[in-house]
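Asks: In case you want the letters, here they are:
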Amino acid sequence: MLTRLIPVSLALALLQVGLRFKDDSDLAGRLKARDAGAMRELYDRYGRLVYSLILRMVRNSAAAEDLVQETFLRVWNRIQGFDAERGALGPWVLTVARNRAIDYMRSADGKMSAGALELDRLEHPGRFCDFEDRALSLDRARRLKDAFEKLTPHQKTVLELAYYEGLSQTEMAERMQQPLGTIKSWVRSALKVLREQLTEAAAV
Amino acid sequence: MTCEQLRDSYELYSLGLLEGEERHEVEAHLARNCAVCQKYFKDALAVNTLFLSQAQEVVPPSRLRRRVTSSVGREGAVWTWIAALAAACALIVALWLSLEKRTADGQLANARLTLQQTVAERDRLEQAFTFLNQPETRQVNFGQGQPAPPRGNIFLNPRIGVLLIASNLPALPAGKAYEMWVIPKGGTPRPAGLFQSGPQRTAMNILSGPVDSNVTVAVTVEPESGSPAPTSNVLFAAGF
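Those sequence lines, one after another, are chains A and B. Be aware that the first sequence starts at 351, since it is given in our numbering, and climbs by one per residue. Be aware that the second sequence starts at 3, since it is given in our numbering, and climbs by one per residue.
Chain A with its partners taken away, still in its complex shape (with noise of 0.2 Å):
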């Protein structure tokens, strides 16, 4: 549960969304110039929170350690098709890093090849553009805590799944023994309840 796994330095982690992104786009920059000194601050900036998601879905600091060299490399080798000027890199690289989990965990499960290639096109650096200046902001990271907590235990638990195990809405009704219906509805209330925290935060 989600619950159980708020961090107690949860600030750390908030700050390094909500301030740290704003200030990517030099560091971007140096790493389309191949600068290895802008990698280590990358790593710097983003490491403990690549590592921390990861070691939270596979639950192996081995395989994490693993996951966690290969987001940064991928992220290396695809930095020439991120906009530098617009893109911001932390969104980027924690889908990076949760496709990496997802796809080591369906490897182990032999579901490798389902969903691959469409996570590969979902984490397009392109795609990780033009963000409103709030949208990730200190307040909204932790209204979205708030919000969370106040889902019920089953919207809880149906949004772990897709977060953090990458569980379709079928797999998760397979899962859960409960019909497709019923998930679709706990992942839809769930999602809204926190978009409607998140907007009013927006609205403030």
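Some hints here could point you the wrong way.
[What the hints assert, rightly or not] Pairs of lysine to any residue, SDA-like flavour, derived with a Cα cap of 20 Å:
{"no.": "1", "chain 1": "A", "residue 1": "Lys534", "chain 2": "B", "residue 2": "Glu21"}
{"no.": "2", "chain 1": "A", "residue 1": "Lys534", "chain 2": "B", "residue 2": "Asp10"}
{"no.": "3", "chain 1": "A", "residue 1": "Lys542", "chain 2": "B", "residue 2": "Cys5"}
{"no.": "4", "chain 1": "A", "residue 1": "Lys542", "chain 2": "B", "residue 2": "Gln40"}
{"no.": "5", "chain 1": "A", "residue 1": "Lys500", "chain 2": "B", "residue 2": "Asp10"}
{"no.": "6", "chain 1": "B", "residue 1": "Lys41", "chain 2": "B", "residue 2": "Ala30"}
{"no.": "7", "chain 1": "B", "residue 1": "Lys41", "chain 2": "A", "residue 2": "Gly476"}
{"no.": "8", "chain 1": "A", "residue 1": "Lys542", "chain 2": "B", "residue 2": "Glu24"}
{"no.": "9", "chain 1": "A", "residue 1": "Lys542", "chain 2": "B", "residue 2": "Arg25"}
{"no.": "10", "chain 1": "A", "residue 1": "Lys542", "chain 2": "B", "residue 2": "Asp10"}
{"no.": "11", "chain 1": "B", "residue 1": "Lys187", "chain 2": "B", "residue 2": "Phe242"}
[Said to hold, decoys possible] Across the chosen pairs, the derived CB separations fall in these ranges:
{"no.": "12", "chain 1": "B", "residue 1": "Val95", "chain 2": "A", "residue 2": "Gln430", "range": "41 to 49 Å"}
{"no.": "13", "chain 1": "A", "residue 1": "Glu391", "chain 2": "B", "residue 2": "His26", "range": "39 to 47 Å"}
{"no.": "14", "chain 1": "B", "residue 1": "Ala37", "chain 2": "A", "residue 2": "Glu499", "range": "27 to 35 Å"}
{"no.": "15", "chain 1": "B", "residue 1": "Arg104", "chain 2": "A", "residue 2": "Arg428", "range": "49 to 57 Å"}
{"no.": "16", "chain 1": "B", "residue 1": "Gln40", "chain 2": "A", "residue 2": "Gln430", "range": "16 to 24 Å"}
[To be verified] Output of the computed footprint for chain A on chain B, the stretches with three or more beta carbons under 8 Å from beta carbons of chain A:
{"no.": "17", "segment": "18 to 24"}
{"no.": "18", "segment": "52 to 58"}
Keep in mind the hints are simulated off the structure, nothing from the lab. Glycine is no exception: its CB is placed at the ideal position from the N, C-alpha and C atoms.
Mind docking chain B on chain A? Use the hints.
Replies: Using the frame of chain A, we list chain B on its own:
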């Protein structure tokens, strides 16, 4: 479906979890560069990012930073060189240890050989002392009165054999050795051992085992491998 009807689908779509018709609908809307759907998509990416960033914080091991950063660029090269240098140092140390071991092994082998020689010499001296200590041992000296002759003594004990102690021996040609003969009265010479002289041109040779008391002991120069019968002049001889 309208853009608004797809509003709830973008988070799952951007996570790669939307299936079937719903997914195709979202892709169709995004392909049209619909501004509303583009905004929903960006909003969904932001929600996903905020969600994923809230995993329980765990400090990664410090080696991971080195591992990641050494995957690319200069720091990697530095570590590669360090690794190469370390490997070279390890190789040098291994070679040095190997040479040291070989030297030590050689020294040990030499020590063993010296010990064996010393033990053999001690045994020979003990044997010689036994000859001298036995009352039935008889002694005959040779070479007296000659200008530069081999000189020495031959001890015969019918029970334990013959002992030869010689000095002032002539230098041996290459490939040659001294050979001692025991010659019974009226009989043919019997080989009684090959020997070399030492740095002081001295030598000692022992024939172990019973021997007739009335024999002549002689020495000739023979090939190193020995001869079944004398092939050169007698260097010296002593009769009992």
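Asks: Hint by hint, note whether the structure agrees.
Replies: Results of checking the hints against the structure:
no.: 1; hint: A:Lys534 <-> B:Glu21; result: holds (12 Å)
no.: 2; hint: A:Lys534 <-> B:Asp10; result: holds (10 Å)
no.: 3; hint: A:Lys542 <-> B:Cys5; result: holds (15 Å)
no.: 4; hint: A:Lys542 <-> B:Gln40; result: holds (18 Å)
no.: 5; hint: A:Lys500 <-> B:Asp10; result: holds (19 Å)
no.: 6; hint: B:Lys41 <-> B:Ala30; result: holds (15 Å)
no.: 7; hint: B:Lys41 <-> A:Gly476; result: holds (15 Å)
no.: 8; hint: A:Lys542 <-> B:Glu24; result: holds (17 Å)
no.: 9; hint: A:Lys542 <-> B:Arg25; result: holds (18 Å)
no.: 10; hint: A:Lys542 <-> B:Asp10; result: holds (7 Å)
no.: 11; hint: B:Lys187 <-> B:Phe242; result: holds (10 Å)
no.: 12; hint: B:Val95 <-> A:Gln430: 41 to 49 Å; result: holds (45 Å)
no.: 13; hint: A:Glu391 <-> B:His26: 39 to 47 Å; result: holds (40 Å)
no.: 14; hint: B:Ala37 <-> A:Glu499: 27 to 35 Å; result: holds (33 Å)
no.: 15; hint: B:Arg104 <-> A:Arg428: 49 to 57 Å; result: holds (55 Å)
no.: 16; hint: B:Gln40 <-> A:Gln430: 16 to 24 Å; result: holds (23 Å)
no.: 17; hint: 18 to 24; result: holds (count 4)
no.: 18; hint: 52 to 58; result: holds (count 7)
Hint check: no violations occur; every hint is consistent with the structure.
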